[in-house]
Amino acid sequence: MLSVECVEKSYGRGGLFSREREHVLKNISFECKSGECLGIIGESGSGKSTLGRLLLGIEKPDRGAILFEGKKVEDRKGRTGNISAVFQDYTSSINPLYTVEDAIREPLQMKRKGREDVRSEIDHLLSQVGLDSSYRKKYPHELSGGEAQRVCIARAISTEPRFILFDEAISSLDGSVQMQVLELLKDLRKRYKIGYIFITHDIQAAAYICDRVMIIRNGEIEEIVKVEQLKDVQSAYTKKLLQMIIA
Amino acid sequence: MMNILEVNNLKIWDSRNDRVIVPNSSFHVKQGSCLAIVGESGSGKSVTCKAIMRLNSAGIRQSGDILLRGENLMELSEQEMRKKRGKQLCMILQNGMRAFDPSCVVGVHLKETLVEHFGWSRDEITTKMKNAMESVMLKDPIEVMNKYPHQLSGGTLQRVMIALAIVLEPDILIADEPTTALDTISQFEVVEQFLQLRDRLGSSMIFISHDLGIVKLLADEVLVMKEGEIVEKGTTQAIFSEPQHTYTRYLLSSKLAMNQHFKRVMGGVSIAER
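Sequences listed follow chains S and P, in order.
Residue 12 in full-length UniProt numbering sits at position 12 of the first sequence; the count goes up by one each step and never skips.
Residue 171 in full-length UniProt numbering sits at position 171 of the second sequence; the count goes up by one each step and never skips.
Hints listed in this document are in silico derivations from the structure and should not be mistaken for laboratory results.
Careful: at least some of the hints might be erroneous.
[To be verified] So the derived label-pair ranges between C-beta atoms look like this:
{"id": "1", "chain 1": "P", "residue 1": "G234", "chain 2": "S", "residue 2": "L67", "range": "30 to 40 Å"}
{"id": "2", "chain 1": "P", "residue 1": "E6", "chain 2": "S", "residue 2": "G35", "range": "49 to 59 Å"}
{"id": "3", "chain 1": "S", "residue 1": "F30", "chain 2": "P", "residue 2": "R249", "range": "33 to 43 Å"}
{"id": "4", "chain 1": "P", "residue 1": "A238", "chain 2": "S", "residue 2": "G35", "range": "38 to 48 Å"}
{"id": "5", "chain 1": "S", "residue 1": "N95", "chain 2": "P", "residue 2": "E143", "range": "34 to 44 Å"}
[Said to hold, decoys possible] Each computed DSSO-like pair below joins lysine-lysine, with the alpha-carbon atoms no more than 30 Å apart:
{"id": "6", "chain 1": "S", "residue 1": "K33", "chain 2": "P", "residue 2": "K263"}
{"id": "7", "chain 1": "S", "residue 1": "K239", "chain 2": "P", "residue 2": "K139"}
{"id": "8", "chain 1": "S", "residue 1": "K72", "chain 2": "S", "residue 2": "K239"}
{"id": "9", "chain 1": "P", "residue 1": "K83", "chain 2": "P", "residue 2": "K111"}
{"id": "10", "chain 1": "S", "residue 1": "K240", "chain 2": "P", "residue 2": "K139"}
{"id": "11", "chain 1": "S", "residue 1": "K138", "chain 2": "S", "residue 2": "K113"}
{"id": "12", "chain 1": "S", "residue 1": "K193", "chain 2": "S", "residue 2": "K113"}
{"id": "13", "chain 1": "P", "residue 1": "K226", "chain 2": "S", "residue 2": "K186"}
All values reported here derive from a predicted model rather than from experimental measurement.
Using N, Cα and C, we set each Cβ at its ideal position, and we do this for glycine too.
Sequences and hints are given; from them, build the entire structure.
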């Protein structure tokens with residue numbers, strides 16, 4: 001259960017001595033139940049990635065609170081292993097000096113298991129994302145985009161999190177690979193009962209995987225609707241957004 | 001109809017490890033038409049287009065004939081080729097952010113390009129660019145020209161590139177995934193500009209994309225590439241209605257589940273189809 005209450009965030013802009021501030025997020029409040037898949041849709045510059053960073057606890061909001069099961073998400077103890085993330089840029093998401101095996105082992109080591117357990121766990125995780133154990137010794141540059149993103153997903157599910165945040169995780173993949181990854185995510189969600197927060201500008205992909213979608217514009221929530229009710233959206237902006245999809 | 005660009009037996013290989021990237025490709029672009037190249041990443045789409053521009057990095061070699069209005073580009077010296085690039089062959093890249101010089105304002109880049117090709121004065125350039133930028137729906141052209149690339153959004157930069165292409169009036173415009181890095185709204189606007197660009201200039205175009213929805217809107221002919229080889233080519237209508245090759249069918253079907261789901265959610269109304 002993730003709840004966001006009246007969150008505000010602004011960044012300084014215009015150099016070191018400037019007092020000018022850019023208001024990135026304004027009065028954001030919503031809730032996400034455990035096991036739910038919530039899509040966050042917005043244009044570039046709408047503040048959706050900033051919101052993502054706040055949800056992960058990497059940054060703190062200026063005002064308001066983000067609570068994960070009643071505890072503040074900034075507090076490491078509350079979130080360790082419970083919230084994972086997969087980002088857009090798969091080339092920079094894995095340490096280039098690590099093999100696939102090292103990359104997945106890193107979060108597993110937090111759980112202090114025996115070496116043999118970790119080995120079999122890595123094999124299991126790789127098979128969960130549709131890769132075989134021959135990938136263990138490969139380096140990130142030897143992987144295609146889809147494969148690298150699968151490794152990132154395997155790493156994200158390794159700690160058995162309650163929530164995974166995807167920040168444009170499929171946007172830089174090819175059409176057909178995008179579909180494979182989406183199917184994989186749907187499948188994993190069923191198996192592990194993980195909640196997803198799916199940040200994207202691709203409304204079709206969001207509609208495919210999410211239960212609810214939140215449309216965000218200039219740092220404000222425009223609308224939150226269930227996917228089934230997407231055709232009955234109220235706000236003018238959302239209607240415009242839906243008309244501009246090239247299918 | 002005359003062929004503006006003809007590519008015959010183009011072979012591209014990496015001289016460092018003798019890996020062949022494109023074994024043997026031949027195709028042509030008709031005057032005033034739009035050819036789309038589709039395929040997954042790593043299929044050799046971008047390399048083919050860079051080969052036409054002769055912009056591949058030093059280790060990558062190419063052989064074959066590339067005829068632009070009957071003139072063989074492969075036989076030109078680097079200096080002559082430089083004059084062709086921009087003026088006759090114009091390229092729009094995927095990432096607008098990386099296409100401009102980050103250390104100076106956008107206007108400087110535009111001025112440099114236009115001085116090189118036309119030798120126009122400052123005022124001439126400003127008025128021509130202003131008109132072109134207004135025609136691609138950029139509201140405040142002068143302000144845009146006085147901004148650095150990082151201050152502008154990807155969609156705006158991509159439209160500045162299109163405006164520059166309008167002023168240059170190239171014989172052939174090569175667009176390498178120009179909409180992939182954009183969000184839904186900017187994507188729609190940029191595609192709109194490409195459609196108008198075709199109507200206005202009647203210039204020929206090579207459009208690389210993996211987004212089949214956009215290809216369907218823009219292209220006259222489609223070329224499907226897989227692992228460096230052209231597996232199928234034909235008119236857009238033929239490719240979309242009666243694909244012959246299994247790979248083409250696979251590409252067409254890949255996003256179908258998502259599109260259909262979306263249509264179902266939206267109550268059967270298809271969106272942005274014209």
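C-beta pair N95 of chain S, E143 of chain P: status relative to the range 34 to 44 Å that was hinted: At roughly 42 Å between Cβ atoms, E143 of chain P and N95 of chain S fall inside 34 to 44 Å, so the hint holds.
Pairwise hint evaluation, K139 of chain P against K240 of chain S, where the allowed Cα distance is 30 Å at most: holds (20 Å)
Holds or violated: K72 of chain S to K239 of chain S, with C-alpha atoms at most 30 Å apart: Answer violated: K72 of chain S to K239 of chain S is near 35 Å, above 30 Å.
Holds or violated: K193 of chain S to K113 of chain S, with C-alpha atoms at most 30 Å apart: OK: K193 of chain S and K113 of chain S at ~23 Å, within 30 Å.
Restraint status (C-alpha distance of K239 of chain S to K139 of chain P at most 30 Å): holds (23 Å)
Outcome of range test on Cβ distance (G234 of chain P, L67 of chain S; 30 to 40 Å): violated (57 Å)
Pairwise hint evaluation, K111 of chain P against K83 of chain P, where the allowed Cα distance is 30 Å at most: holds (16 Å)
Verdict for A238 of chain P, G35 of chain S (Cβ pair) under range 38 to 48 Å: Between A238 of chain P and G35 of chain S, where Cβ atoms are some 46 Å apart, the hint holds.
Consistency of beta-carbon spacing, G35 of chain S to E6 of chain P, with hint 49 to 59 Å: holds (58 Å)
Pair hint K138 of chain S and K113 of chain S, alpha-carbon separation not exceeding 30 Å: Since the Cα atoms of K138 of chain S and K113 of chain S sit roughly 23 Å apart, the hinted pair holds (cutoff 30 Å).
Pair hint K226 of chain P and K186 of chain S, alpha-carbon separation not exceeding 30 Å: With Cα atoms ~28 Å apart, K226 of chain P and K186 of chain S stay inside 30 Å; holds.
30 Å Cα cutoff - pair K33 of chain S, K263 of chain P: Roughly 27 Å between the alpha carbons, so the hint for K33 of chain S and K263 of chain P holds.
The structure is inconsistent with the numbered hints 1 and 8, although it conforms to all the rest.
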